[in-house]
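Undergrad: If you're matching them up, the sequences are chains A and B in order.
Position 71, counted from 1, in the first sequence is what numbering that gives the first Met the number 0 calls 70; the numbers after and before it change by one each time, with no gaps.
Position 110, counted from 1, in the second sequence is what numbering that gives the first Met the number 0 calls 109; the numbers after and before it change by one each time, with no gaps.
What the hints contain is simulated information worked out from the structure, not anything from laboratory work.
Treat the hints with care, as some may be off.
Which stretches of chain B does chain A cover? Using the computed rule of at least three CB atoms under 8 Å from a CB of chain A, they are [as the list claims (entries may be wrong)]:
(1) 28–35
(2) 45–58
(3) 70–80
Just a sample of chain B residues kept apart from chain A, beta carbon distances all over 10 Å, derived [unchecked claim]:
(4) Lys9
(5) His10
(6) Met15
(7) Trp16
(8) Ala17
(9) Met18
(10) Val23
(11) Pro38
(12) Glu86
(13) Arg87
(14) Asp93
(15) Asp99
(16) Tyr115
(17) Pro122
(18) Glu133
(19) Ala144
One-sided and incomplete, this derived list gives chain A residues near chain B with beta-carbon spacing under 7 Å [stated by the list, open to error]:
(20) Asp22
(21) Trp24
(22) Ala26
(23) Ala28
(24) Ala34
(25) Leu36
(26) Pro38
(27) Cys68
(28) Arg69
(29) Ala71
(30) Thr75
(31) Val78
(32) Pro122
(33) Thr138
(34) Arg141
The beta-carbon is built from N, C-alpha and C at its ideal position, and this holds for glycine as well.
The residues making up each chain are set out below.
Number of protein chains: 2
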Amino acid sequence: MTPRTSATRKHDTLAMWAMPAIDVWVATASVDGGAHLVPLSLAWVDERMVVAVSAASRTARDLAARGRCRMAVGPTRDVTMVDAVLERTVPVGDDDALADSYAAQSDWDPRGSDGYVYLVLRPERVQAWREVDEIPGRTLMRDGAWLA
Amino acid sequence: MTPRTSATRKHDTLAMWAMPAIDVWVATASVDGGAHLVPLSLAWVDERMVVAVSAASRTARDLAARGRCRMAVGPTRDVTMVDAVLERTVPVGDDDALADSYAAQSDWDPRGSDGYVYLVLRPERVQAWREVDEIPGRTLMRDGAWLA
Chain A
0 MTPRTSATRK HDTLAMWAMP AIDVWVATAS VDGGAHLVPL SLAWVDERMV
50 VAVSAASRTA RDLAARGRCR MAVGPTRDVT MVDAVLERTV PVGDDDALAD
100 SYAAQSDWDP RGSDGYVYLV LRPERVQAWR EVDEIPGRTL MRDGAWLA
Chain B
0 MTPRTSATRK HDTLAMWAMP AIDVWVATAS VDGGAHLVPL SLAWVDERMV
50 VAVSAASRTA RDLAARGRCR MAVGPTRDVT MVDAVLERTV PVGDDDALAD
100 SYAAQSDWDP RGSDGYVYLV LRPERVQAWR EVDEIPGRTL MRDGAWLA
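Whole structure, please, built from the sequences with the hints as guidance.
TA: Written out as structure tokens, the structure is:
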């Protein structure tokens with residue numbers, strides 16, 4: 000296999016993020032110094048990664064305190080890594096357009112789940128690689144701007 | 000599908016961790032408040048999770064500073080989650096028994112990779128679930144002791 004070009008990696012990355020019922024690993028840092036990690040259903044809406052969690056969850060609390068997270072989409076040998084900042088926290092009943100977009104891609108609809116919020120996350124850095132030969136050239140976005 | 004029993008989940012978890020060429024997601028918290036997340040090759044050796052990284056990597060530095068991490072093995076809908084503490088950091092040339100065990104399960108051998116270390120991580124809490132119906136009963140280990 001030849002390492003993919005940046006343009007191909009970007010294409011593959013965006014196709015993966017738009018897949019129905021795709022999941023994302025979300026890693027956050029807590030104020031007590033611990034790390035948290037959970038799999039969540041992802042929607043890719045208007046250039047933002049959107050997940051839905053309980054406002055009381057550790058992921059929501061960490062993001063409220065820290066403002067950022069690191070995420071992974073894809074299996075370990077076809078990964079896309081995203082460092083993102085929290086742009087908005089939206090109660091599930093407050094934005095029907097966002098909720099419709101989330102439900103259209105995800106395989107569940109959190110509207111009606113008490114205390115749930117959408118976390119709208121803006122990517123700042125994106126990396127994508129399959130195997131070791133793709134480590135060079137893995138950065139596709141830096142400071143919020145696509146490089147390819 | 001009926002939710003698996005705790006005994007079945009423990010069996011499935013240990014079988015997954017012992018698979019050849021299995022990977023682990025390792026989430027760590029940095030002293031600057033950020034979260035880090037990377038996929039690494041896993042070996043399950045003497046009841047410890049073992050990964051190999053450069054001593055200069057962010058994962059190694061975060062673990063040296065914080066002493067703990069959260070890990071995931073398996074796809075997002077058949078996950079095992081592990082909160083672990085760093086027990087030992089071993090330069091790759093210093094412990095041939097450990098290095099042989101790592102190379103026997105992993106699909107690479109870091110001996111010869113300059114500056115690489117094994118991180119030997121002791122699980123304290125283990126959880127395993129597939130879908131929402133398995134959220135109850137997901138905790139298989141607490142305070143380092145298997146519950147089933």
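Undergrad: Would the least Cβ to Cβ distance between methionine 15(B) and chain A come out above 10 Å?
TA: Holds, because the least Cβ-Cβ distance between methionine 15(B) and chain A comes to about 13 Å, which exceeds 10 Å.
Undergrad: So, aspartate 22(A) near chain B? Judge it on the closest CB pair being under 7 Å.
TA: Constraint on aspartate 22(A) satisfied, holds at 4 Å.
Undergrad: Min Cβ distance, tryptophan 24(A) to chain B: is it shorter than 7 Å?
TA: 6 Å, holds
Undergrad: The output says valine 23(B) does not contact chain A. Does that hold with a beta carbon cutoff of 10 Å?
TA: Given a closest Cβ separation of 8 Å, the condition is violated.
Undergrad: Taking 10 Å as the cut and beta carbons as the points, is tyrosine 115(B) off the interface with chain A?
TA: 14 Å, holds
Undergrad: Against chain A, does aspartate 99(B) keep a CB gap of more than 10 Å to every residue?
TA: 22 Å, holds
Undergrad: Can alanine 71(A) be said to touch chain B, with a Cβ gap under 7 Å?
TA: 6 Å, holds
Undergrad: Does the claim that alanine 17(B) lies outside the interface with chain A hold up, using a Cβ gap greater than 10 Å?
TA: 17 Å, holds
Undergrad: Taking 7 Å as the limit, does the beta-carbon of arginine 69(A) come near enough to a beta-carbon in chain B?
TA: 5 Å, holds
Undergrad: Using 7 Å as the Cβ threshold, decide whether cysteine 68(A) counts as touching chain B.
TA: With a minimum Cβ separation of about 6 Å from chain B (threshold 7 Å), the hint on cysteine 68(A) holds.
Undergrad: If I take the minimum Cβ distance from glutamate 86(B) to any residue of chain A, is it greater than 10 Å?
TA: 17 Å, holds
Undergrad: Three or more residues of the stretch 45–58 of chain B near chain A by CB distance under 8 Å?
TA: This one is violated; 0 residues, fewer than the three required, reach chain A with a Cβ under 8 Å.
Of the numbered hints stated above, those contradicted by the structure are hints 2, 10, 11, 32, 33, 34, listed in ascending order.
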